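K.L.:
Residue strings, one per chain:
Protein chains: 2
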Amino acid sequence: MYQVSVPRFANILRNLSAILDKAQAHAEARKIDPAVLTNFRLYPDMLPMKRQVQIACDSAKGAVARLAGVEPPKHDDVEENFAELKARIAKTLEFIQTFKPAQIDGSEEKDIHLKLGQREIAFKGMQYLLGHALPNFYFHVTTAYDILRHNGVELGKRDYLANP
Amino acid sequence: MYQVSVPRFANILRNLSAILDKAQAHAEARKIDPAVLTNFRLYPDMLPMKRQVQIACDSAKGAVARLAGVEPPKHDDVEENFAELKARIAKTLEFIQTFKPAQIDGSEEKDIHLKLGQREIAFKGMQYLLGHALPNFYFHVTTAYDILRHNGVELGKRDYLANP
Numbered sequence: 392m393y394q395v396s397v398p399r400f401a402n403i404l405r406n407l408s409a410i411l412d413k414a415q416a417h418a419e420a421r422k423i424d425p426a427v428l429t430n431f432r433l434y435p436d437m438l439p440m441k442r443q444v445q446i447a448c449d450s451a452k453g454a455v456a457r458l459a460g461v462e463p464p465k466h467d468d469v470e471e472n473f474a475e476l477k478a479r480i481a482k483t484l485e486f487i488q489t490f491k492p493a494q495i496d497g498s499e500e501k502d503i504h505l506k507l508g509q510r511e512i513a514f515k516g517m518q519y520l521l522g523h524a525l526p527n528f529y530f531h532v533t534t535a536y537d538i539l540r541h542n543g544v545e546l547g548k549r550d551y552l553a554n555p
Numbered sequence: 392m393y394q395v396s397v398p399r400f401a402n403i404l405r406n407l408s409a410i411l412d413k414a415q416a417h418a419e420a421r422k423i424d425p426a427v428l429t430n431f432r433l434y435p436d437m438l439p440m441k442r443q444v445q446i447a448c449d450s451a452k453g454a455v456a457r458l459a460g461v462e463p464p465k466h467d468d469v470e471e472n473f474a475e476l477k478a479r480i481a482k483t484l485e486f487i488q489t490f491k492p493a494q495i496d497g498s499e500e501k502d503i504h505l506k507l508g509q510r511e512i513a514f515k516g517m518q519y520l521l522g523h524a525l526p527n528f529y530f531h532v533t534t535a536y537d538i539l540r541h542n543g544v545e546l547g548k549r550d551y552l553a554n555p
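If you're matching them up, the sequences are chains Y and X in order. If you're matching positions, the first sequence starts at 392 in the working numbering and goes up one per residue. If you're matching positions, the second sequence starts at 392 in the working numbering and goes up one per residue.
Just so you know, not all the hints are guaranteed correct.
Any copy will do: because identical chains look the same in the list, a pair fits if it lies in one copy or spans two.
Stated by the list, open to error - Derived EDC-like pairs (lysine to aspartate or glutamate); straight-line CA-CA distance at most 20 Å:
| hint | residue 1 | residue 2 |
| --- | --- | --- |
| 1 | Lys422 | Asp412 |
| 2 | Lys548 | Asp449 |
| 3 | Lys548 | Glu511 |
| 4 | Lys548 | Asp436 |
| 5 | Lys413 | Glu545 |
| 6 | Lys477 | Glu545 |
| 7 | Lys413 | Asp436 |
| 8 | Lys506 | Asp550 |
No wet-lab data here; the hints were simulated from the structure. All figures in this text were calculated on a predicted structure; none of them were measured in a lab.
Sequences and hints are given; from them, build the entire structure.
P.N.:
What follows is the structure in structure tokens.
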């Protein structure tokens, strides 16, 4: 359970941070207001890029905390620019990397209760990690990537996968 | 290793098939040529929607086959419309669901060699599944979703995650 969670979240969060560096460099080179990219949406009722990053971070933080049975720290969604989004990723990385394998391993059958809007969903630990937390995490990281790619930032699959 | 692969790929592939149903209904209701959606790209040098589906299928098929140590069947990339893409998903599902847990479990340390373009990468089984196959699979499913969402198809996160 540890191997499937902490090192995987950490690797992709580091890659996402490097992707934001490329987006920032792209904006600077073309004199694009960074807020245009951080607030960009692929459709009017989709979430903007900055929210994709924030939710990816919370998905990783919440998953690791819930599996370990601790309360995750609350990170307010206040980031507007690339430096702030990178700092959000950095503090998420710092938090999840405090966990030791012994705190997460063995949580396959742990009861996890999740509030999603009005719905309350009951999961077992492994079902939660594999069926909710990981696909949700990858969804938001990929959507952040897709938004930046759609805006011309030069990214490739290797920026997303990097060195697993 | 089985739990982390086959049921996860299968669940999301079924969800992707249902997402394509919604896209087809959207196209029919608005008299949009389905080829506009299946060929849509978020950026000129990104792959079109149909290729996102094909690669997601191949990512699942290749991962399960490699972990089990069998040669994956070759599926040619000939699909153009929603019915054909759904059939591609259906034959991928049929293939991966032939595998029993005993064929996949215990492959954590198995040597996996992957050719990515010009590069040849050596993985161990778990590193390959967690660090390459799963994030790559989710990347292409999410990008297919993002392309359809960008084109106004009414989708939500529940269409992607469904019932894990």
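K.L.:
Against this structure, judge whether each hint is valid.
P.N.:
Now for the hints, and whether the structure bears them out:
| no. | hint | result |
| --- | --- | --- |
| 1 | Lys422 - Asp412 | within (15 Å within a copy, 41 Å between copies) |
| 2 | Lys548 - Asp449 | between (23 Å within a copy, 16 Å between copies) |
| 3 | Lys548 - Glu511 | between (35 Å within a copy, 16 Å between copies) |
| 4 | Lys548 - Asp436 | between (26 Å within a copy, 12 Å between copies) |
| 5 | Lys413 - Glu545 | within (8 Å within a copy, 31 Å between copies) |
| 6 | Lys477 - Glu545 | within (18 Å within a copy, 31 Å between copies) |
| 7 | Lys413 - Asp436 | between (26 Å within a copy, 17 Å between copies) |
| 8 | Lys506 - Asp550 | between (32 Å within a copy, 18 Å between copies) |
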